[in-house]
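S.K.: Following the hints, put chains B, C and D in place on chain A, whose structure we already have.
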Amino acid sequence: MKVIILIFVILSGGLLIYGTMDMPAWGDPQSPANSYVSPRYIEEAYAKTETPNIVSAVLADYRGYDTMGETTVIFTAALVCAFLLRKNSDEDEDKS
Amino acid sequence: MLDFIIGKFNFWFYVILMAVGLFAMLAKRNLVKKLIGMNIFQTAIILFYVSIGVKKGNVHVPIIVGGHGHEGELIQAADYLNPLPHVLMLTAIVVSIATTGVALAIIIMIYRRYNTLNEDEIIEIRQKQLEAEV
Amino acid sequence: MLTTVYENLIVQTVCRIMVPFIQIYALYVIAHGHYSPGGGFQGGVILTASLALIFLAFGQGAVTRRINRRLAVILASAGVFIYAGIGLLCLLLGGNFLDYAQLAKILGVTIPRARSLGILGVEVGVGLAVMAAMYSIILDIAGSPAKPETKSRPISENKP
Amino acid sequence: MIWQLDFLFLILVLICALAAINIKDLLSAVIILGAFSFFMCLLWAEMGAVDVAFTEAAVATSVCTILFVGAIIKTTRRSKD
Chain A
1 MKVIILIFVI
11 LSGGLLIYGT
21 MDMPAWGDPQ
31 SPANSYVSPR
41 YIEEAYAKTE
51 TPNIVSAVLA
61 DYRGYDTMGE
71 TTVIFTAALV
81 CAFLLRKNSD
91 EDEDKS
Chain B
1 MLDFIIGKFN
11 FWFYVILMAV
21 GLFAMLAKRN
31 LVKKLIGMNI
41 FQTAIILFYV
51 SIGVKKGNVH
61 VPIIVGGHGH
71 EGELIQAADY
81 LNPLPHVLML
91 TAIVVSIATT
101 GVALAIIIMI
111 YRRYNTLNED
121 EIIEIRQKQL
131 EAEV
Chain C
1 MLTTVYENLI
11 VQTVCRIMVP
21 FIQIYALYVI
31 AHGHYSPGGG
41 FQGGVILTAS
51 LALIFLAFGQ
61 GAVTRRINRR
71 LAVILASAGV
81 FIYAGIGLLC
91 LLLGGNFLDY
101 AQLAKILGVT
111 IPRARSLGIL
121 GVEVGVGLAV
131 MAAMYSIILD
141 IAGSPAKPET
151 KSRPISENKP
Chain D
1 MIWQLDFLFL
11 ILVLICALAA
21 INIKDLLSAV
31 IILGAFSFFM
41 CLLWAEMGAV
51 DVAFTEAAVA
61 TSVCTILFVG
71 AIIKTTRRSK
81 D
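Going down the list, the protein sequences come from chains A, B, C and D. For the first sequence, this note's numbering begins at 1 and goes up steadily by one. For the second sequence, this note's numbering begins at 1 and goes up steadily by one. For the third sequence, this note's numbering begins at 1 and goes up steadily by one. For the fourth sequence, this note's numbering begins at 1 and goes up steadily by one.
Next up, chain A with everything else stripped away, as it sits in the complex (with noise of 0.2 angstroms):
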C-alpha cells in the first residue's frame, strides 16, 4: 500500500515539476501577477486611505468583506471546539 501511495506522490509531484517550466521565473518583476491589480493598489493606497502599510489598508479597506468572513470562521471554530469537548456529560469526565 505504501508503495502505491509513494508512486501516486512521485508521479503527482513530476507533474507538477513539469508544470514549473512554463511559468514566469522567481522575483520577475514583469510577470502577470505582478502586473494587474496591484500596482493600482500600490499607488492609490497611501493617498486615499493615509495608512502606509499597504497590506493593512488592503486588508480591512480593499477587501473587508474578506477579512470579516475569515474572523467569522475562527468564531465558528471557537464554538465547534467549546461543542465538542466542554462537559455535558458524566460519563466522558471519568474517561479524560
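Mixed in with the good hints, there may be bad ones.
Said to hold, decoys possible - Computed cross-link-like contacts, DSSO-like style, restricted to lysine-lysine with a CA-CA straight-line distance of at most 30 angstroms:
(1) A:Lys87 / B:Lys34
(2) D:Lys80 / B:Lys56
(3) B:Lys34 / D:Lys80
(4) D:Lys80 / A:Lys2
(5) B:Lys34 / B:Lys128
(6) A:Lys48 / C:Lys105
(7) B:Lys128 / A:Lys2
(8) B:Lys34 / A:Lys2
(9) B:Lys128 / D:Lys24
(10) B:Lys34 / A:Lys48
Stated by the list, open to error - Looking from chain B toward chain A, a few residues come up when the C-beta cut is under 7 angstroms (computed):
(11) Ile5
(12) Gly7
(13) Val15
(14) Ile52
(15) Val134
By construction, these hints were calculated from the structure, which means they are not laboratory data. Predicted model only: the values in this text are computed from it and were never measured. Glycine included, every Cβ here is placed at the ideal spot set by N, Cα and C.
M.R.: The following block gives chains B, C and D in isolation, referenced to the frame of chain A:
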C-alpha cells in the same frame, strides 16, 4: 542554464514539500501524523503564493517609505513588492490555525471513544461494534 | 496533564514580570498596525500567548478567574459585532457596506482620514475576536473539561 | 531576494519536514514542526513579506505548538509510524 535553475529551483522545492505533506496525509496511519502532514501541505501552498509576489532588484517591503509628510511625492509601483499575495495568505494562516484546533478537538473525541489514535485499530473496533449490533 | 501545576518559583516570577510587557506590546502591535507590520490578527494572538503563559505557569484556575469561558465567548462575539457594526454604520450613513468614507460625515474629518480611522476600528474588533476565540480554543483543548467554574473575585484579591 | 540564503532556508525547511513526519515520538514531531514554522518565518522575512512572517511567528510557532502539545498530552504520545 544557471539562470534557468536559479529562476526555477524555488518552485521545485515547493513541489517536494507539498509531496512530503501529501505522502504523510495518505500513508501515515496515526491521526496526529496526518494532521502534521496537512500543516506541511498548507504551508507549502502558502509559500508558493507568497513567492509569486517577489520582485528582484532594489525594492522595498510593502510599507510606504517615510509615512507622513510625503503626500506630494509620486509612488512608483515598481519600487514596492506586490502586497496582494501577502494579504490573501495572512488570512489563510489564521484560518489554518482554526482548522487545526477543530481537528485536534475531533482527535481528542476519537481518543476518548476508541482509546487509540491508529486508524487501522479504529476501523477494526468499529467493525466489531457493527457486527455485535447485527 | 497540563492542568496539574508544579509550583516553580523561577517560572512564576519570570511570568509575573513578563506578562505586562507582552500585553503592552500586543496593544502596540494592534494600534500601530498602520505604520509597521502588524494588525489585529498578530496583536490578538500575542495577547492570547500572554494568557497562555499565565495558564502554563499558574494553572487553569488563575486564568479562568480573570477571563472565564462565558466571558471569552461574549468577547469573541463582541469582536465580530464591532466589525459588522462598523459596516452597518456605513450602510446607515448612505454608503455601501464597509465603505469607510461615509464615516467622515459623523467624525468630521477628511475622507482619507476617515478611512484610516475605519481601518483602526476594524483592527480592534478583529484583535478582540481573535484573542477571545484562540483563548477559548486553548482552554478547551489543553485545559481540563471537568473543572467547575470558579467564581470571579475582585481584581484586588487576586493572588495567582 | 538573495537566492543563496533562500536555498539554505529551503534545505533546512525540507529537513525539518522530513524529520517531523518520520519520528515515532509524537511530542518530538510536534516540536520539530515548531522549528519548521520558525524556518518558514525566516524564509518569508527574507522574501520581504514582513506581515506574513510576523503572523507566522506569532501564530504558528506559539499557539499551534501549544494546541498540539495540549492535545498530545491528553491523548497519547506513542505512534507506530
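S.K.: It remains to establish, for every hint, whether it holds in the given structure.
M.R.: A quick look at each hint next to the structure:
no. : hint               : in the structure
1   : A:Lys87 / B:Lys34  : 27 angstroms, holds
2   : D:Lys80 / B:Lys56  : 46 angstroms, violated
3   : B:Lys34 / D:Lys80  : 13 angstroms, holds
4   : D:Lys80 / A:Lys2   : 14 angstroms, holds
5   : B:Lys34 / B:Lys128 : 24 angstroms, holds
6   : A:Lys48 / C:Lys105 : 16 angstroms, holds
7   : B:Lys128 / A:Lys2  : 26 angstroms, holds
8   : B:Lys34 / A:Lys2   : 14 angstroms, holds
9   : B:Lys128 / D:Lys24 : 28 angstroms, holds
10  : B:Lys34 / A:Lys48  : 46 angstroms, violated
11  : Ile5               : 10 angstroms, violated
12  : Gly7               : 3 angstroms, holds
13  : Val15              : 5 angstroms, holds
14  : Ile52              : 5 angstroms, holds
15  : Val134             : 24 angstroms, violated
The structure is inconsistent with the numbered hints 2, 10, 11, 15, although it conforms to all the rest.
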